[in-house]
Structure formats: C-alpha cells, structure tokens
Amino acid sequence: MATRRQVLRAASGAMTIVLGGLQIACTAEDAAQIESAGLADDQILALVRMTQLLVPHERLDPAVYRAAVNQLVDNPVVGQGIQALGPGWLDLAADVQVEKLRGIRDTAFFNTVRGAVVRAIYSDKRTWEMLGYGGDASRFGGYIDRGFNDIDWLPD
Amino acid sequence: MARTYKHDDDSVVVVIGSGAGGGTLANELAQQGIDVVCLEAGRRMEVSEFRNDESYMASKINWNDPREGSGDTSRNRPTFVCKTVGGTTVHWTALALRMKEHEFNGRSSYSAMPGADLIDWPVDFEEMSHYYGLAEDKLGVTGTHDIPRHEGSNNYQVLNTGAMKLGYPHTPTANLAINSTARDGRAACRQSGFCRSGCIYSAKWSTLYTEIPKAEATGHFELRPQAMATGIEQGADGRITGVVYLDKDGNTVRQKARAVAVAGNAVETARLLQLSTSALSPDGLGNQNGLVGRYYMRHVFGFVTARMPGQVNMYKGIVQAGSLEHEAHHDTRRGFASGYHIETVSLSPAGLTRLVLPHEQWGEGFGAAMDDYENYSAAMMCGEDFPEANNRVTLHESRTDQYGLPIPKIHYKRSDNSHTMAEHGLGLIEDIFGALGASKTYRTPRGSIGSATHNLGTARMATNENDGVCNPHGRVFGVPNLFVSDGSVFSTSMTANPTLTIVALAMRQAEHIGQQMTAKVI
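Residue numbers (the numbering used here), protein chains in the order written: chain C, 1 to 156; chain L, 1 to 522.
Since the hints were made in silico from the structure, they are not lab data.
It cannot be assumed that every hint is accurate.
To be verified - Which residues of chain C face chain L? A partial, calculated answer using Cβ under 10 Å:
1) Leu39
2) Ala40
3) Asp41
4) Val73
5) Lys100
6) Arg102
7) Val118
8) Arg119
9) Met130
10) Ser138
11) Gly142
12) Ile144
13) Gly147
To be verified - Listed next, the in silico SDA-like pairs over lysine to any residue satisfying Cα-Cα at most 25 Å (straight line):
14) L:Lys165 with C:Asp150
15) C:Lys100 with C:Gly38
16) L:Lys100 with L:His512
17) L:Lys409 with L:Gly71
18) L:Lys256 with L:Lys520
19) C:Lys125 with L:Gly427
20) C:Lys125 with L:Ala58
21) L:Lys440 with L:Thr161
22) L:Lys440 with C:Gly115
23) L:Lys440 with L:His512
24) C:Lys125 with L:Arg51
25) C:Lys125 with L:Ser55
26) L:Lys165 with L:Gly427
27) L:Lys440 with C:Trp128
28) C:Lys125 with L:Gln311
29) L:Lys440 with C:Gly38
30) L:Lys165 with C:Asp152
31) L:Lys440 with C:Asp150
32) C:Lys100 with L:Glu364
33) C:Lys125 with L:Lys520
34) C:Lys100 with C:His57
35) L:Lys214 with L:Thr4
36) L:Lys165 with C:Gly147
37) L:Lys100 with L:Tyr168
38) C:Lys125 with L:Ala350
39) C:Lys125 with L:Gly351
40) C:Lys125 with L:Arg307
We treat Cβ as the ideally placed atom computed from N, Cα and C, and that holds for glycine.
Construct the entire structure; sequences and hints are all you get.
Right, dumping it as structure tokens:
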C-alpha cells in the first residue's frame, strides 16, 4: 500500500503547468502538506492546480498557493462542486484545463474558489514581496526616505 | 479633566457621533463652556493600536453592521464609512477642499435638471468663506495659512505630468489636512501611505486625537464610546427631552438633554430621525413632509489604473496627494452639468484586484497584469452628484441588526448626468495616463459604482420645510432644540470631498447654538 506522499509524488510529473510562456511548478511535497477530511488526494491536487491556473505567477512561492487551498478544502461548496471539473481533468493539458474552467465560470464552486484564492493570494506577504509591494512602513518610519518621490522616467 | 454627567442632567447638549461633524461641534461647544455628552457607537482606539495593515484596520474601524443597498449600489456593502471614535476622520484621505460658488448656488447655476430637486444653499457664500478659513486653520490644511505643501509622490507626479502633457497647467500637491511640518502638537507626515488605516503618526487630522482630547481638557465634555443611539425623545411641547441609547453592555440608558445634535453620517442620521417617533412626529423627527432620508447623494466616483512604462510604486506616500480641478467647472458643452476632480489614489495588491481589475479576475492575463504591480498608477474622479427624491435611506421592513433596530435600506440610481460625467472623467484619466505611454488602462465598469464613502443630503438644509429637513443653521424644522451636524445637511453635493465643509458648518453651528443658549432660546 503506497503512502499518501508516494501517491502524490507519482502524480507530480503532471504538476508542472506550462501555460503560454509560464511554467509553474507544484511538487507533491506541497500537495501532501494539505490535509482534508472531505477531499480525496487527487481532488486536492486538482484544487491546487486550479488555484495556480486562476492566479498564475511563475515566481510565487508554492506555499502561498498551498495556504490558499488550505482555506478551501473544508468548504462544503468546494467539496460538492469539485466534481464539476470532470474525470481526468488533472491529466489534461493546461490550456484545455483553462477551457474547462471557462465552462464552469458561472458556478458557485468556481466563484467561491476564485474569490477566496484572489483574496488569500494578494493579501499574503510573500506575494507582496514578489510583486514589489512594501506594505507596512512603520518599521522604518514611512517611505519619506525610501523612494516615495524617486520617479525618474517622466518627461520634463 | 474629562468629567461625567448624570443621566438626568438636562443641562447638557448631547452630540451623537464623534467624527468630522460631531467631534468638531462637541469640542467647539465645550470650548465655550457648554457641557457636552458625546455618544459614539464605536470603540475608542488609541493611536498606538493602529497598524499599517489594511485588512486588520478595516476590521477594527469600519462600519460593518448590516445595510441593504438597491438600485445601482452594492447590495451588501452600499457604504464604506467608520464606526469608531473619530468616525470617518480615522480613514479619510484628508483632501480638504472648498466648495465653489457655482456649486453653492446649484439651482441657479444648473437651472432645472430632469429628475433632480436642486436648491441653492441657504447660507451666504461670504459667510461660508469665513468658516472655511477657520476650518483650514483647525485642520492645518497645506497650502493655506502659510502651511507648506507636501512634496509630490511618484503617483502625484504621474498624474500632474500627464495632465500637463495634455495641455493643462501645473497643479501643486493638494490642500491636505496632513501635517507637512509638526503643528498643533502633531508630527509631520512620513509618507507611509496608510492614510485609510488610521495615521500612526497622527499627522493626518482626525477628531480622535484633536477635537476629542481638546474637548476633554476643557472639563465640559464626556465621551461615551460604544453607545448606540436608538431614539431621540420629543416632549409634548415639541422640544427634545433626551436620547435613548444602548451602552456597551446592552443596557438601555436615557440621557436627558437641553439640546441634541445628530452627526452619525448621512445613513445613520437618517435612520435615527426616522426611528425617533413621537405623538407630534409619528413618522419620525423632522419628517412631517416625508423628506428625511431623501436626496441621498454620494458623488460620482470612478477609478482608472494604468500600467505605466516605468515603476511608480503608488503605495509609497500620501494616498491623495494630487487633486486636479481642470474639469471642476460648470460647462454644459461637455454634455453634463457641473464638474469633477481627478484625484490620485493608491492601491495595495488586494485593492488593485478589487477596484481596478474588476473584469474577469482570473487567468493568465490577470496574473500578468498583477505581476506589473510596481508600474501601476491610479486615479479616481470625484464629481458632483445631484439630489433626487427617490435616492433615499429608509428603514427595512423586516431585517434588524444586533441592536434590534431595522437596518437601513439605501436606494440609489445614478442619474444620466452622472453617467455622462463619469464617461467624460474616466476617459480623461485614461488620456492622462496614455499621454505618458501607459500600455494598458483599466476603468471601473459602468454598472459598478461600489460602496460610497461620501454620503450626503439625507436631512438637507433649505430655506423652508417644503424643500428640506433643516433650516439654514442645521436645526430640524419644527423642533426647537434638535440639530443635524454632518454631511446629511448638504443642500447639494458639490464637487469637493465633503469633510472640510462639514467641519466649517459644525464650527458655524457651534457659534449659533452658543448664541441661542445665551439668549435662552434653547
């Protein structure tokens, strides 16, 4: 009997998303850290991938996606709705997966996931760091000496 | 020196609300030696509790009690205001602008507008100018009273330079109630960019750390936080006798009063007046002509963000450092009446997703758009909105809140004039960014007008009670000792952000109430 981690590792070959010019990795180690009473392992993997397709960022720490999924796995709307992705969705090419997502974009499932993922990812300090958003300025006394007026590309 | 008053002390003036209107009025009365009890629904935060953290502060200071919107406004969150000591001055972005004379005389300037019930302000413009001067001094507004203006942030420089590219003149940084140098016991701004989350330096004027402690220092003032007013009581002679409220433990308290001033922001003020029924006022105080809650206005807002060719880092610095008035005049050749300001606004990544990429918020294009966060610049328009009778605040027929009160219902339809103005304004902002080489701009879609932070007009001042709820001093028609002291009294919305006008009116009203008390009229 394979362990959960082994099952996920076996599936990890399918977990690098190639979408347009983007390559986004998700390792089995990441998915294995997500615990859910209600979702099967392949459903968790599907949710991780869906999250990455919704908000694709090549440079984003996979832990941020994991944190977003962690907030969703016990949501009953997600548990009931994830079947909508259809059997074998996880094995499809990324652009086909996106097409399937487009087909369910008016469902409660899709919008619950989309809303929660966007909120979670763009409120995460690791995302801020990747995007170049400084956030809390109190620790160094504001941006008055840190570039609030340093723009250098405007025409005279 | 803060003191306490007995509940049966009927010599006090009760002020409901501690924001720009209530906090200012309370302090101005206390400075005259008038005893004031200030009821505030929210909690009293210390500045040391503030954090540069949008979502944390929103959970602490926002008015999150249920409200129901209809028409064009957000259904679940029609307004964006505060419930905390200091009111909405804790999260305001400190643009301190004066009303213009043509706006002040709205009816005369714009003549008959279809659907709108326009009136002129029943206040002398010269007199108002005097109080604007006092208010600017109180707030320490930059660019007035020899107070230096702020250095311009990157975001301001983009907006101003783009406008100049289109041929508009240079505009310095705006008149801001944010200290550019230490003043009035408060520090200078450090450009941290968290104006909306409570200023950790107290550089931005807020009644929380100006008017309230100054009032306490007089020995004529008591603040009661977490006190939710549920009714104002009217005696058989028409005079107000006191205010009923729920204290922080849910106990019902009855505070007697010599006079009462309501300053709960336009939604709560309209709700409280409608909740306060009596034998003389069966439909609520001041509502004998059914006007309480009507003529609700909220300014013509719209947002544009732009992906610029270089870094802007809009989050650094004062949120609304720039305010362009190039299109704030009245010129019907543009296809609409009155005008609008263009104001810088800065957004965190989460704010950017909510406000500026309101289209399909997912997929490759969305991720790529967000990847360019450092290059975004953003601006909003704030235009004059007109009073319409059907835009109104009413009491919900069935839903109640945690206090057992009917929740406020807010119905708002954006007028054709406002739609046309929004098209013009958003188009111009796009042109400004485009003039500097923006590769892409995003605007709020026509159907999305969101939550209102400027809520006005629900108990408007007029020369007679057929046209409004309050007389030219903000006293409720038909009630000798009841005043309204917030943006509810605005006869028209004007183009400018409302706070400076609210403060100026509160200072004027405090003088009036003092005179009326001396003369034993109240």
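Hint check:
no.: 1; hint: Leu39; verdict: violated, 21 Å
no.: 2; hint: Ala40; verdict: violated, 24 Å
no.: 3; hint: Asp41; verdict: violated, 24 Å
no.: 4; hint: Val73; verdict: violated, 19 Å
no.: 5; hint: Lys100; verdict: violated, 13 Å
no.: 6; hint: Arg102; verdict: holds, 9 Å
no.: 7; hint: Val118; verdict: holds, 5 Å
no.: 8; hint: Arg119; verdict: holds, 7 Å
no.: 9; hint: Met130; verdict: holds, 8 Å
no.: 10; hint: Ser138; verdict: holds, 5 Å
no.: 11; hint: Gly142; verdict: holds, 3 Å
no.: 12; hint: Ile144; verdict: holds, 4 Å
no.: 13; hint: Gly147; verdict: holds, 6 Å
no.: 14; hint: L:Lys165 with C:Asp150; verdict: holds, 20 Å
no.: 15; hint: C:Lys100 with C:Gly38; verdict: holds, 23 Å
no.: 16; hint: L:Lys100 with L:His512; verdict: holds, 24 Å
no.: 17; hint: L:Lys409 with L:Gly71; verdict: holds, 11 Å
no.: 18; hint: L:Lys256 with L:Lys520; verdict: holds, 18 Å
no.: 19; hint: C:Lys125 with L:Gly427; verdict: violated, 34 Å
no.: 20; hint: C:Lys125 with L:Ala58; verdict: holds, 17 Å
no.: 21; hint: L:Lys440 with L:Thr161; verdict: holds, 18 Å
no.: 22; hint: L:Lys440 with C:Gly115; verdict: holds, 24 Å
no.: 23; hint: L:Lys440 with L:His512; verdict: violated, 53 Å
no.: 24; hint: C:Lys125 with L:Arg51; verdict: holds, 15 Å
no.: 25; hint: C:Lys125 with L:Ser55; verdict: holds, 12 Å
no.: 26; hint: L:Lys165 with L:Gly427; verdict: holds, 15 Å
no.: 27; hint: L:Lys440 with C:Trp128; verdict: holds, 22 Å
no.: 28; hint: C:Lys125 with L:Gln311; verdict: holds, 20 Å
no.: 29; hint: L:Lys440 with C:Gly38; verdict: violated, 43 Å
no.: 30; hint: L:Lys165 with C:Asp152; verdict: holds, 16 Å
no.: 31; hint: L:Lys440 with C:Asp150; verdict: holds, 23 Å
no.: 32; hint: C:Lys100 with L:Glu364; verdict: holds, 15 Å
no.: 33; hint: C:Lys125 with L:Lys520; verdict: violated, 60 Å
no.: 34; hint: C:Lys100 with C:His57; verdict: holds, 20 Å
no.: 35; hint: L:Lys214 with L:Thr4; verdict: holds, 16 Å
no.: 36; hint: L:Lys165 with C:Gly147; verdict: holds, 24 Å
no.: 37; hint: L:Lys100 with L:Tyr168; verdict: holds, 20 Å
no.: 38; hint: C:Lys125 with L:Ala350; verdict: holds, 11 Å
no.: 39; hint: C:Lys125 with L:Gly351; verdict: holds, 14 Å
no.: 40; hint: C:Lys125 with L:Arg307; verdict: holds, 22 Å
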